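**Q** We have chain A already, so just place chain B on it with the hints.
Line by line, the protein sequences give chains A and B. My numbering puts the last residue of the first sequence at 738; the count rises by one with no breaks. My numbering puts the last residue of the second sequence at 370; the count rises by one with no breaks.
Simulated from the structure, these hints should not be mistaken for laboratory data. Every value quoted in this text rests on a predicted model; they were computed, and no experiment measured them. A hint or two may mislead.
Derived coverage of chain A by chain B (criterion: at least 3 residues anywhere in the stretch with Cβ under 8 angstroms from a Cβ of chain B; other residues may be distant) [unchecked claim]:
| # | stretch |
| --- | --- |
| 1 | 531 to 540 |
| 2 | 546 to 553 |
| 3 | 715 to 729 |
One side only, chain B facing chain A, incomplete, derived with CB under 7 angstroms [what the hints assert, rightly or not]:
| # | residue |
| --- | --- |
| 4 | L159 |
| 5 | V180 |
| 6 | G341 |
| 7 | L351 |
No residue lacks a Cβ here, since even glycine has one placed at the ideal position from N, Cα and C.
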Amino acid sequence: MLSPVILVPAILNGLLTGAVYALVALGLTLIYGVLHIINFAHGALLTVAMFAAFFAYKLLGLDPYLAAIGLTPLFFCLGYALQRFVIGPAAHGEDRNILLITLGLAVVIENALLYAFRADTRTVNLPYGFSVIEVGPAFLSVPRVIGFCVVIAVALALFLLMRFTDTGKAIRAVAREKLGAELSGIDVAHIYAVTFGLGTACLAIAACLLLPTYYVNPHAGNAFVLIAFTIVVLGGMGSVAGALVGGLIIGVVESLSGLYLGESLGQIGIFVIFILVLLFRPTGLFGERA
Amino acid sequence: MKRTGTILAVVALLACVPLVTSSNVVLNFLVVVLLIALVGQGWNVLGGYGGQYSFGHAAFFGTAAYTTGILQLHYGVNAWAGLIIGIAAGAAVGAITGALSFRSGLRGSYFALVTLAFAEVLRIIASVTPITGAGVGTLIKLDLRPEAFQFQSRAPFYWIILGFVAVSLLIAQRLEASRFGAYLVAVRENEDAAKAAGIDVFRVKLGAMTLSAAITAAGGCFYAQYFLFLDAGIAYGPWISVEALLAPVIGGIGTVFGPLLGALVVKLLGEATKLVTGDVPGLDLVIYGCVLILVVAFAPRGIAGLMKRHA
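Isolated chain A, as found in the complex (with noise of 0.2 angstroms):
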């Protein structure tokens, strides 16, 4: 079980899906480094992404490295919207509010999408969807690693962004100290609206990415959102390189144990490392405060 020809597809392949799941955890791990809050909708708006994904294909035959082009401004103003007409407003500043209100938004969005799309699954066939590139003794599915260069590549993007824009400067300045922010001018609530709409853009990369070889339906998302949260942990809450390290570890983590223990247990293993981390290392592997 522990020969080089197993296991080596195995770590690579388990990389490629770390990769995706890092990008869902991003897309959290910013919205709780500046907001402080934990947004339970974030499986939610990736299964809306999906279906934005899936129809701009099935309607406009629009392939899906193309509709992420149009779907990432699109769900970062939906993101903006959201944060600044519903949840800040509704909150009233208290945190507790806000656990509740993105539960509800949660449960509003799963369910209406599945009034409007039944549970039916949903796949796209592309050509390239099962053409695999042999990497030693491994084949790697090739939308996968497309995947895996897209989420560097928006990693970088946001690192860059949030070292040198000024939008970015007034991110770090509201996550590190929201009043000295304030004081000094920055538009708080514009910037924690701006916050929640990067992370919902990086909800329709994500998307996109996983489109050609996964599928849809009213609770694809779900399955992403509690590894997100694992991996947020882990890396650190509010950490961009953690949730990018953890992603990849979690990837792995999910492909050995698959592998040695079987598909339902091999959850398991990510759900006890899960709280694992929260219980001994609640600050996880690269975070600064509880």
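**A** Relative to the frame of chain A, chain B by itself:
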């Protein structure tokens, strides 16, 4: 003591319903309302009075339901004994998860996350282990005798769940009047200040969580007896965690009658939706979610708070 009188009057009034109607539709509806009120009161003890929002009360509900179901099915244990053991098992799960998470100082979002994760782990385990029937589910044998906690008609079930709810209302009322309850509210309002004032925050939260789990667990046992069927998605499914918090939040968080009021409103809304649109999956939950958001946005003290304001 005026409050105790109100509780007894409400319960007595509700107890007359089966004498007025024997309609299975009405009784079935009210049984479900009371079940959600009970489970919600469990959540309310921890979330409403203690401010610790759990997203995983399914862990206690499911553990209790499976405990009594499996004991009856595989070990021939009497259902009433199963009820007691089930409640104890649910409370134990509450105490263990509570001890672990409060010991690590988990609060707010972190606490919500870890409770959710515990419920999910239990759901996955229950969906693969043979003793729960894995994919097939657990079917409790039909045995329509009062000794087996099963009845020919709905009325006895209705009175039993009403009795459970009455006890949970009295517990919440006693909690409000007790020193322990005051500690709990102090922890909710400001945990650090409570600690500074000499309250053993860990013990207070742990006690509240165990009590909360036990109340919700009673609901789980009742569910098993009433429906006689369990699978992992029912017992440990997210639906019960959501309904457990929906009822008190909508009815009035941290109030004695909030969960009962909320459960009634939520279920009435659900039935009304079904009447208008027919039985389409998802739509009732869309309404629940919208109501949840609207209540948090415009009536943070729930329906009870609205009534107080206009009284």
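**Q** Each hint should be assessed against the structure and marked as holding or not.
**A** Status of each hint after checking the structure:
Remark: the stretch 531 to 540 of chain A is confirmed as covered by chain B, as 5 of its residues place a Cβ nearer than 8 angstroms to a Cβ of that chain, reaching the required three. Coverage of the stretch 546 to 553 of chain A by chain B holds [criterion: at least 3 residues with CB-CB distance below 8 angstroms; count 6]. Three residues within the 8 angstroms Cβ limit are the bar, and the stretch 715 to 729 of chain A against chain B gives 9, so the coverage statement holds. Here the hint on L159(B) is kept, as its CB sits about 5 angstroms from the closest CB of chain A, short of 7 angstroms.
Proximity of V180(B) to chain A holds as hinted, the smallest CB-CB distance being about 5 angstroms (cut-off 7 angstroms). Below 7 angstroms, beta-carbon pairs count as interface contacts, and G341(B) has one with chain A at about 4 angstroms; its hint therefore holds. Nearest Cβ of chain A to the Cβ of L351(B): about 4 angstroms, under the 7 angstroms cut. The hint holds.
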